[in-house]
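Each chain is listed here by its residues.
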Amino acid sequence: MTAKKTYIQSFCSIQNNEIILNGETVFNTEPTVFSDFSKKAYQNFEMNYPKFFKMDSLSKLAFLGAEILLRKEIDATKENNIALLFANKSSSLDTDVKFQNSISDKENYYPSPAVFVYTLPNICLGEISIRHQLKSENSFFIFEAFNPVFMVNYANVLLNTKKAEKVLCGWVEYYNEEYKAFLYLVGTEGNTEHQKETVEKLYNK
Amino acid sequence: MEALKQELKEKIIAVLNLEDINLEDINDNDPLFGDGLGLDSIDALELIVMLDKDYGIKLVDPKEGKVIFQSIETMGNYIKENRTK
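Chains as they are written, first to last, in this note's numbering: chain A, 1426 to 1630; chain B, 6 to 90.
Incorrect hints may have been included.
Unchecked claim - Here are the computed lysine-lysine pairs in the BS3-like style, where the Cα-Cα straight-line distance is at most 25 angstroms:
no., chain 1, residue 1, chain 2, residue 2
1, A, K1503, A, K1479
2, B, K71, A, K1531
3, B, K16, B, K85
4, A, K1514, A, K1630
5, B, K58, A, K1523
6, B, K10, A, K1523
7, B, K10, A, K1479
8, A, K1476, B, K16
9, A, K1465, A, K1503
10, A, K1605, A, K1479
11, A, K1497, A, K1476
12, B, K71, A, K1497
13, B, K16, A, K1464
14, A, K1479, A, K1465
15, B, K58, B, K10
16, B, K58, B, K16
17, A, K1429, A, K1531
18, B, K10, B, K71
19, B, K71, A, K1588
20, A, K1464, A, K1429
21, B, K85, A, K1479
22, A, K1531, B, K90
23, A, K1464, A, K1503
24, B, K16, A, K1479
25, A, K1479, A, K1429
26, A, K1464, A, K1531
27, A, K1605, A, K1588
28, B, K90, B, K16
29, B, K90, B, K10
30, A, K1531, B, K10
31, A, K1465, A, K1621
32, A, K1588, A, K1621
33, B, K85, A, K1476
34, A, K1476, B, K90
35, A, K1465, B, K90
36, B, K68, B, K85
37, B, K10, B, K63
38, A, K1531, A, K1465
39, A, K1630, A, K1476
Bear in mind the hints are in silico, worked out from the structure with no lab data behind them.
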């Protein structure tokens, strides 16, 4: 099997109260907490999806990035075979800690179902899939640090074996108000070759 | 009863993170699930926890929730008759 060339079609990063799409700032706020920043971004892009407010911070972060990259990509009249390939370092630890704190007092033991459902990192993939009606391949990996070699290889396998027409790749790290999201869309057409060096460069921009 | 219904609306908005909903958007007889506020199954579980935590009511049979959580009116009536705190 000859491996086809693959291309980065668009990319987006979210950190330090700023959203950058294809190298240009599309939204920013004064320094604030993530809940406030994410709410303002949601309002700014008129996402109109009230379930957003029920999500935990990791899901909100992934959802915002996916929303910005996929909103022009999704054709609601057909099935969109866009695989989701995500990874981070802290898994869902931020929500896990919150849940643990909520059940640590035996005298006041009321586990919250709404917090508990987010104690898995791949739940954010479910939120994105529901929003965009994706019934595609999806995986969430945990790495010590961003791993462009793995991401490039995995996305290429998905595309070359025709498991997906495009792959939305993402590093979405959130713990204790520290966050960074870097998402990019890979397909078989485009101008920017999908290579480890390019992905690394865009991640570090 | 009016005060309790008002309190319930405030609690539901806060507990279920209904950021886009105001108190005046919720009528006493509006359905809470389905076409009304559009709550889902996780919200139902959260309401069961709220009954226990804030009003000392333990729902033994979750199916009871279908009747109790029909609207603010039905919730208010149930809490008024069964609350232990």
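Return the numbers of the hints above that this structure violates; sort them in rising order. Those not satisfied are hints 1, 2, 6, 9, 12, 17, 19, 20, 21, 23, 25, 26, 27, 30, 31, 33, 34, 35, 38 and 39.
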